[in-house]
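*Asks:* The listed protein sequences derive, respectively, from chains W and F.
Per the numbering used here, the first sequence starts with residue 1, numbered consecutively.
Per the numbering used here, the second sequence starts with residue 1, numbered consecutively.
Rather than coming from a laboratory, the hints here were simulated on the basis of the structure.
Check each hint, because a few of them may be wrong.
Partial pick of chain F residues on the chain W-facing surface, computed with a CB cut under 10 Å [unchecked claim]:
no.	residue
1	W73
2	G78
3	I81
4	L82
5	V85
6	F94
7	A120
8	F130
9	V133
10	L137
11	I148
12	M151
13	A217
14	M268
We put the beta carbon where it would ideally sit given N, CA and C, even for glycine.
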Amino acid sequence: MFVWLGLFFLLLFHYLPMFGIIIAFKDYKISTGIQGIFSSPWAGWKHFEAFFNDYNFNNLIRNTLALSFLKVIFSYPVPIVLAILLNEVKNQFFKRFVQTVSYLPHFISWVVVSGIAYTFFSADYGIVNDLLMSSGIISRPLDILTNPDSFWGFAVSSAIWKEAGWWTIIFLAAVTGIDPALYEAAEIDGAGRIKRILYITLPGLKGASIVVLILTIGSILGGGLVGSNFEQAMLFGNPLNSDTSQIIQTYAFNVGLAEGRFSFATAIDLMQSVISVILIFASNYIAKRVSGSSLF
Amino acid sequence: MRRGRKRTTEDWILDTGITVLLLLISFVTLYPFYYILIMTFNAGTDSSFGGVYLWPRAFSLDNYIYFFDDSRWMDAFGVTILRTVIGTALGVGFTSMVAYGLAKKDLLLRNAYFIFVIVAMNFSGGLIAFYVVLRSLGLINSFGVYVIPSMLNIFFLLIAISFFREIPEELGESARIDGASELRIFVRIMVPVSLPLMTTMSLFLGAGQWNSWLDSAYFVQSEELRTLTYRMMQVINQSMMPTSGGAEASASMARLSVTPLSLQATAMVVSIVPILCVYPFLQRYFVSGMMIGSVKG
Numbered sequence: 001m002f003v004w005l006g007l008f009f010l011l012l013f014h015y016l017p018m019f020g021i022i023i024a025f026k027d028y029k030i031s032t033g034i035q036g037i038f039s040s041p042w043a044g045w046k047h048f049e050a051f052f053n054d055y056n057f058n059n060l061i062r063n064t065l066a067l068s069f070l071k072v073i074f075s076y077p078v079p080i081v082l083a084i085l086l087n088e089v090k091n092q093f094f095k096r097f098v099q100t101v102s103y104l105p106h107f108i109s110w111v112v113v114s115g116i117a118y119t120f121f122s123a124d125y126g127i128v129n130d131l132l133m134s135s136g137i138i139s140r141p142l143d144i145l146t147n148p149d150s151f152w153g154f155a156v157s158s159a160i161w162k163e164a165g166w167w168t169i170i171f172l173a174a175v176t177g178i179d180p181a182l183y184e185a186a187e188i189d190g191a192g193r194i195k196r197i198l199y200i201t202l203p204g205l206k207g208a209s210i211v212v213l214i215l216t217i218g219s220i221l222g223g224g225l226v227g228s229n230f231e232q233a234m235l236f237g238n239p240l241n242s243d244t245s246q247i248i249q250t251y252a253f254n255v256g257l258a259e260g261r262f263s264f265a266t267a268i269d270l271m272q273s274v275i276s277v278i279l280i281f282a283s284n285y286i287a288k289r290v291s292g293s294s295l296f
Numbered sequence: 001m002r003r004g005r006k007r008t009t010e011d012w013i014l015d016t017g018i019t020v021l022l023l024l025i026s027f028v029t030l031y032p033f034y035y036i037l038i039m040t041f042n043a044g045t046d047s048s049f050g051g052v053y054l055w056p057r058a059f060s061l062d063n064y065i066y067f068f069d070d071s072r073w074m075d076a077f078g079v080t081i082l083r084t085v086i087g088t089a090l091g092v093g094f095t096s097m098v099a100y101g102l103a104k105k106d107l108l109l110r111n112a113y114f115i116f117v118i119v120a121m122n123f124s125g126g127l128i129a130f131y132v133v134l135r136s137l138g139l140i141n142s143f144g145v146y147v148i149p150s151m152l153n154i155f156f157l158l159i160a161i162s163f164f165r166e167i168p169e170e171l172g173e174s175a176r177i178d179g180a181s182e183l184r185i186f187v188r189i190m191v192p193v194s195l196p197l198m199t200t201m202s203l204f205l206g207a208g209q210w211n212s213w214l215d216s217a218y219f220v221q222s223e224e225l226r227t228l229t230y231r232m233m234q235v236i237n238q239s240m241m242p243t244s245g246g247a248e249a250s251a252s253m254a255r256l257s258v259t260p261l262s263l264q265a266t267a268m269v270v271s272i273v274p275i276l277c278v279y280p281f282l283q284r285y286f287v288s289g290m291m292i293g294s295v296k297g
């Protein structure tokens, strides 16, 4: 009985929306409700063509891909490094303290992170600008939050700040799984600590690294492991930096729910899914070639 | 490991370097929170002159007085607490119940069910189609939209299934012979046995509910149903816009030396504190929970 309830639930909230995708090929009006999904007139590829010809199209694709890939490239190594550093700490209390602190931001909403970001980096009242100005390092406030050139960097660093500590958990667990006898043997053979890190700790992390890499790749367009591209683009994006901060998802949201062009927005959503599937297959293929293991 | 051996220069440099680096990381992580905290205890009008970095300069509780006096913030606070409690209870209860059913080894068509679940996890109809479904179910602009669609969490469903599989069949079997119903077996036997799982799930679903703002932004229009995080987002956006810097400023604010900025900081502190109180104590649970999740990948 539990099973039936569960499956009914999936049907309702997951499969029904999936069938709803066909409104991308129709002229759907919200007033017709759920029956409208099936009864509204077909529109063929009209909405897709409209998207391809949209003057935002190139920008959107570029921003979506850039944000996704930059985040993976820069954020992926951070937890590994952090885990190695933590593993070298002898003082258990200090180690625990740093760890607990480092994953605090994971539990905090992106909204709060954006609030903190504004408090620190705003050109009008941010304390970073305040400090830099009063110490004479810069003469004009930095416009990190509104400058289109700094959006990607800012999104990537804030994502690392928020999530790196969290993913360290997995790597740290993998490090503790390494046989201590290996270290002792290496020490007797005269290997220094750096050598031991390079030749024992790092190879010991290989398994965990691959698992995490595969997880990252599976969700790359969503922002990989380090948080939601959508929430970041929504919260850090503003009219001034929209050249680089507008991504496919936020655009679909704006034209869909805000402007009420439901079919058009669904077509954009669908495009995003298609790109995402292509990326998953491509990176899975690369992972297989490079490391010998893969998702499927 | 290194007992009885003299520390080399390499050891010394490495230890110092690592300690300094980790202290720096801790500082960069903690200071923003600390800064927000002192802002809330400093008079907003005073903070706007800048220069408050380490402790409150003009100590004042006005921000909190204003915050807890404002019915809109209090409404949002209430909605958030309510959705966290109800949403977490429903999510944990329903997800683990379905998982218990799916974990049965003698279930017919089990593989078919699995494919059904996996497909649902990896593909979605996108926001608009989801919106249409919610609308037809009458969930738009109701409290239900916060807690009903999130009742079944697929990620935790998979984790819970693998957890229940590890539990020996005999445990439920003897109760079944004694005539206990499945529901009774689940509540009386399975729930106590799977307490670590339930705790992990509660923490994650609870944090998700507490922090959620997207559903409040998309699916709800009436003001009294907005969540705390959503309100915060609104205020941050307002103070972000250079033209309307003080859109929320009002007479009562001025009387209490509260500024939109200090109010925003207060809201953030109010939303962070409950998380801060809970998460360090549940550490061992979520660390092991993470491990199950990653192994199942």
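*Asks:* A closest beta-carbon separation below 10 Å is what the hint needs, so does M268 (chain F) meet it against chain W?
*Replies:* Check passed: Cβ of M268 (chain F) comes within 5 Å of chain W, closer than 10 Å.
*Asks:* Does the CB of F94 (chain F) sit less than 10 Å away from some CB of chain W?
*Replies:* holds (8 Å)
*Asks:* The hint names A120 (chain F) as touching chain W; please verify it with the least Cβ-Cβ distance against 10 Å.
*Replies:* At about 4 Å, which falls below the 10 Å cut-off, the nearest Cβ of chain W leaves the hint on A120 (chain F) intact, so it holds.
*Asks:* Have a go at the I81 (chain F) hint: is there a Cβ in chain W nearer than 10 Å to its own Cβ?
*Replies:* violated (15 Å)
*Asks:* Do the numbers back the hint for M151 (chain F), that is, is its least Cβ distance to chain W under 10 Å?
*Replies:* Holds: closest Cβ of chain W sits about 7 Å from M151 (chain F), inside 10 Å.
*Asks:* Does A217 (chain F) pass the interface hint, meaning its C-beta sits closer than 10 Å to a C-beta of chain W?
*Replies:* At about 9 Å, which falls below the 10 Å cut-off, the nearest Cβ of chain W leaves the hint on A217 (chain F) intact, so it holds.
*Asks:* Quick check on the hint: I148 (chain F) CB to chain W CB, less than 10 Å?
*Replies:* holds (8 Å)
*Asks:* Given L82 (chain F) as an interface hint, is the shortest Cβ-Cβ distance to chain W below 10 Å?
*Replies:* violated (17 Å)
*Asks:* Minimum Cβ distance from L137 (chain F) to chain W below 10 Å?
*Replies:* Hint on L137 (chain F): holds, closest Cβ of chain W at ~8 Å, below 10 Å.
*Asks:* Quick one, is the W73 (chain F) hint okay against chain W at 10 Å, beta carbons?
*Replies:* violated (14 Å)
*Asks:* Under 10 Å is the threshold here; is the Cβ of V133 (chain F) close enough to any Cβ of chain W for the hint to stand?
*Replies:* holds (5 Å)
*Asks:* Taking the closest Cβ pair, is V85 (chain F) under 10 Å from chain W?
*Replies:* Violated. Min distance 17 Å.
Checked against the numbered hints listed earlier, the structure breaks hints 1, 2, 3, 4, 5; every other hint is satisfied.
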